[in-house]
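Asker: Sequence:
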Amino acid sequence: MKRILLLLSVLLFASVDAGAVGGGIVIDGSTTVGPIAKSFAAYFKNRYAVPVTVSESGSGNGAKGLINGTCDIASMSRAMKGREIAAAATKGVNPVAHTIALDGIAIVVHPSNPVAGLTRAQIASIYEGRIISWKGVGGPNARIVVIQRESNSGTQGSFGELVMGKGVQITRNAETQASNGAVKNRVSSTPGAIGFLGMGFVDRSVKVIGVNGVRPSLSAIRNGSYPVSRPLYMYTNGQPTGVVKQFIDLAGTVEGKRIVGELGFIAQ
20 MKRILLLLSV LLFASVDAGA VGGGIVIDGS TTVGPIAKSF AAYFKNRYAV
70 PVTVSESGSG NGAKGLINGT CDIASMSRAM KGREIAAAAT KGVNPVAHTI
120 ALDGIAIVVH PSNPVAGLTR AQIASIYEGR IISWKGVGGP NARIVVIQRE
170 SNSGTQGSFG ELVMGKGVQI TRNAETQASN GAVKNRVSST PGAIGFLGMG
220 FVDRSVKVIG VNGVRPSLSA IRNGSYPVSR PLYMYTNGQP TGVVKQFIDL
270 AGTVEGKRIV GELGFIAQ
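Per this note's numbering: the sequence shown = residues 20 to 287.
Everything labelled a hint here was simulated from the structure, so no lab data went into it.
In this text, all values refer to a predicted model and were calculated from it rather than measured experimentally.
Accuracy of the hints is not assured; some may be wrong.
Stated by the list, open to error - Using 30 Å as the maximum straight-line C-alpha spacing, the simulated DSSO-like pairs for lysine-lysine come out as follows:
no.: 1; residue 1: Lys185; residue 2: Lys226
no.: 2; residue 1: Lys154; residue 2: Lys100
no.: 3; residue 1: Lys100; residue 2: Lys57
no.: 4; residue 1: Lys83; residue 2: Lys226
no.: 5; residue 1: Lys276; residue 2: Lys64
As the list claims (entries may be wrong) - Derived CB-CB ranges, DEER-like:
no.: 6; residue 1: Asn192; residue 2: Lys264; range: 22 to 32 Å
no.: 7; residue 1: Gly261; residue 2: Lys185; range: 53 to 63 Å
no.: 8; residue 1: Ala68; residue 2: Thr260; range: 34 to 44 Å
no.: 9; residue 1: Gly184; residue 2: Gly271; range: 25 to 35 Å
no.: 10; residue 1: Gln287; residue 2: Glu180; range: 16 to 26 Å
no.: 11; residue 1: Arg162; residue 2: Gly136; range: 13 to 23 Å
For each residue, glycine too, the CB sits at the ideal point set by N, CA and C.
Make a model of the complete structure from these sequences and hints.
Answerer: Quick look at the structure:
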């Protein structure tokens with residue numbers, strides 16, 4: 020009897036046409052949201068036998084994919100921009116945001132760096148190129164190696180909005196890395212480096228520093244006292260239905276919240 024019920028459940032979910040590309044679910048977008056999307060995909064495929072494909076080409080490309088109809092879900096570590104929403108409208112696409120988790124952007128340095136914290140203004144000055152030595156912020160007399168993300172990154176966009184301010188340009192001397200993992204590897208191997216990561220990517224290979232006297236933690240991100248915090252999104256074209264809705268709704272379930280928490284993010 021249990022086998023029959025399981026088979027019926029699988030057939031039900033597999034047969035639902037939710038507008039999913041190719042019959043399964045296709046997700047593209049943020050490398051920050053990537054671990055959540057991949058873990059949800061593994062859980063979903065195991066439980067419902069629905070194939071889920073996850074790509075991590077950046078938040079901007081996720082938005083493009085949703086607009087162009089090449090993905091069902093755009094995973095984004097920032098909100099869609101006005102120009103993206105306008106582009107969607109021209110193609111009859113209605114982007115709907117679903118907050119799946121909260122995240123803090125951790126400011127990270129090499130473990131040997133004695134600096135324990137910076138103000139948001141100091142971080143902005145470093146990234147503008149106005150402070151070029153760690154000595155200027157109480158550290159050693161060593162050049163600061165500034166690490167940023169590529170322009171298509173949602174984390175880059177969030178950092179610019181939350182730390183730099185509108186219209187403020189990052190120094191041309193900054194090195195650009197293509198993913199959270201690449202930033203972490205560069206900072207962990209470079210004593211003078213500073214970079215920023217989604218909390219889910221932080222490990223002992225880098226040192227997290229406080230911002231305005233507050234370190235990123237579950238409680239600080241949830242209550243908003245950590246100043247470099249943001250929601251993480253999955254966007255759909257209109258309100259989701261069928262298997263796409265089932266996938267999006269996973270974030271609000273006990274199992275989904277457990278997955279989010281285990282990955283180092285904050286469940287809603």
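Asker: It remains to establish, for every hint, whether it holds in the given structure.
Answerer: Here's how the hints hold up against the structure:
1. Lys185 with Lys226: 28 Å, holds
2. Lys154 with Lys100: Measuring from Cα to Cα gives roughly 38 Å; hence the hint is violated.
3. Lys100 with Lys57: 25 Å, holds
4. Lys83 with Lys226: 34 Å, violated
5. Lys276 with Lys64: 17 Å, holds
6. Asn192 with Lys264: 22 to 32 Å: Violated, at about 46 Å.
7. Gly261 with Lys185: 53 to 63 Å: Once the Cβ atoms are compared, 39 Å apart, the range 53 to 63 Å for Lys185 and Gly261 is violated.
8. Ala68 with Thr260: 34 to 44 Å: 19 Å, violated
9. Gly184 with Gly271: 25 to 35 Å: 34 Å Cβ-Cβ, so the 25 to 35 Å window holds.
10. Gln287 with Glu180: 16 to 26 Å: 21 Å, holds
11. Arg162 with Gly136: 13 to 23 Å: Once the Cβ atoms are compared, 20 Å apart, the range 13 to 23 Å for Gly136 and Arg162 holds.
The structure is inconsistent with the numbered hints 2, 4, 6, 7 and 8, although it conforms to all the rest.
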